Amino acid sequence: MLETEKHTLDPTKWIDLYADYLFNYTITRVNDADLSKDLVQDTFFAGLKSAKNFKGEATERTWLVSILKRKIIDYYRKINSKKGKAEVRMDFYNDGENEGNWLEERVPQSWENASEKDIENEELKNQLERCINKLPEKYAMVFRLKTIQDFETEEICKELDITASNLWVIIHRARIQLQKCMEDNWFNK
Amino acid sequence: MRLFKITCDEAATICDKSQYNESSIREKLMLYIHFTRCKICRLYTKHNILLSVFIKGNKKMICDKKHYILTEKDKEKLRIALEKQILQ
Chain A
10 MLETEKHTLD
20 PTKWIDLYAD
30 YLFNYTITRV
40 NDADLSKDLV
50 QDTFFAGLKS
60 AKNFKGEATE
70 RTWLVSILKR
80 KIIDYYRKIN
90 SKKGKAEVRM
100 DFYNDGENEG
110 NWLEERVPQS
120 WENASEKDIE
130 NEELKNQLER
140 CINKLPEKYA
150 MVFRLKTIQD
160 FETEEICKEL
170 DITASNLWVI
180 IHRARIQLQK
190 CMEDNWFNK
Chain B
22 MRLFKITCDE
32 AATICDKSQY
42 NESSIREKLM
52 LYIHFTRCKI
62 CRLYTKHNIL
72 LSVFIKGNKK
82 MICDKKHYIL
92 TEKDKEKLRI
102 ALEKQILQ
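Which chain is which? The protein sequence lines are A and B, in order. For the first sequence, this note's numbering gives the first residue as 10, with consecutive numbering after it. For the second sequence, this note's numbering gives the first residue as 22, with consecutive numbering after it.
Calculated directly from the structure, the hints in this document are not laboratory data. Treat the hints with care, as some may be off.
[As the list claims (entries may be wrong)] Derived DEER-like restraints, expressed as beta-carbon distance ranges: (1) A:S59 to B:T57: 57 to 63 angstroms; (2) B:R47 to A:R70: 38 to 44 angstroms; (3) B:I101 to A:Y30: 17 to 23 angstroms; (4) B:Y89 to A:G65: 36 to 42 angstroms; (5) A:E14 to B:K67: 33 to 39 angstroms.
[What the hints assert, rightly or not] Listed next, the in silico DSBU-like pairs over lysine-lysine satisfying Cα-Cα at most 30 angstroms (straight line): (6) A:K58 to A:K22; (7) B:K80 to B:K67; (8) B:K67 to A:K143; (9) A:K22 to B:K94; (10) B:K96 to A:K80; (11) A:K134 to A:K58; (12) A:K80 to B:K80; (13) B:K98 to A:K87.
In this text, all values refer to a predicted model and were calculated from it rather than measured experimentally. C-beta: ideal position from N, C-alpha, C; glycine also.
Kindly generate the complete structure, drawing on both the sequences and the hints.
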């Protein structure tokens, strides 16, 4: 019978072996270098504290990543002012005979100069980047994971501890804000 | 036909999901039926598709898929902080 190898912890090697990996993992999710450094440090400290609970079933790196994921969820919850609450849709009537219809002030405006040919336009690229960077932090995080990093819906929900329904509300809000930003700063400028 | 009737709110969600190929054929059908009577959702969808095209076309620039690493200075700071914790 095969015996599975037990993994051990060696915190003195963590920086050399895992600091870059964990930093890269974090920055692609939170898009902030300083915050990523802090989260990586917190992860190492938390790892030291709970080292006695390490059973050796997972590799050292997998174990540290699982701690880091928890730290990212905690951070996401911290920036989410409506902690624990479901995201509420804001662009549609919530009740009455218009329930589910667009709120008048949220109705999208026509884009005058929109064309797929603009895709090569350098200035448009920069504007798009500026608009993405203007998104509120918690929308930006979900939007980047889903749209830029191509994460699966299920994976994001698991990582950030949110429901799929919440994810789609956040994606919708991010897309509406991006459309509005592009409308004001590019298409209808 | 009533079964296929959706609100603008639902239509927008289907449209958003479609940008990531995550809507079902039934949902797409409901969306197209909704389009026949809703100009606003048609416009939202048009913009949403265009936004997806621009993002997809410029993903490399936006994403900058380089591998991020810490500077030696940052690593040294981290090493000192961790060593302090180990000794405590």
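To see whether the hints hold, each was checked on the structure:
Judged by the Cβ atoms, the range 57 to 63 angstroms given for S59 of chain A and T57 of chain B holds: they are separated by roughly 58 angstroms. Evaluation of the 38 to 44 angstroms hint for R47 of chain B and R70 of chain A yields a pass: the beta carbon distance comes to about 42 angstroms. Evaluation of the 17 to 23 angstroms hint for I101 of chain B and Y30 of chain A yields a pass: the beta carbon distance comes to about 20 angstroms. A C-beta distance of roughly 30 angstroms is found between Y89 of chain B and G65 of chain A, which places it outside the suggested range of 36 to 42 angstroms.
In this structure the supplied range 33 to 39 angstroms is violated for E14 of chain A paired with K67 of chain B, their Cβ-Cβ distance being about 56 angstroms. A distance of roughly 16 angstroms separates the Cα atoms of K58 of chain A and K22 of chain A; the hinted pair therefore holds under the 30 angstroms criterion. Between K80 of chain B and K67 of chain B the alpha-carbon distance is near 20 angstroms, which keeps this suggested pair within the 30 angstroms criterion. The hinted pair formed by K67 of chain B and K143 of chain A meets the criterion: a straight-line CA distance of about 22 angstroms does not exceed 30 angstroms.
The straight-line distance between the Cα atoms of K22 of chain A and K94 of chain B is roughly 17 angstroms, inside the 30 angstroms bound, and the hint therefore holds. With a C-alpha separation of about 20 angstroms, the suggested pair K96 of chain B and K80 of chain A falls inside the 30 angstroms cut-off, and the hint holds. As the CA atoms of K134 of chain A and K58 of chain A are separated by approximately 45 angstroms, the hinted pair breaks the 30 angstroms bound. Distance check on the hinted pair: K80 of chain A and K80 of chain B sit about 27 angstroms apart at the alpha-carbon level, within 30 angstroms; holds.
Simply put, K98 of chain B and K87 of chain A have alpha-carbon atoms about 26 angstroms apart, close enough for the 30 angstroms limit, and the pair holds.
Checked against the numbered hints listed earlier, the structure breaks hints 4, 5, 11; every other hint is satisfied.
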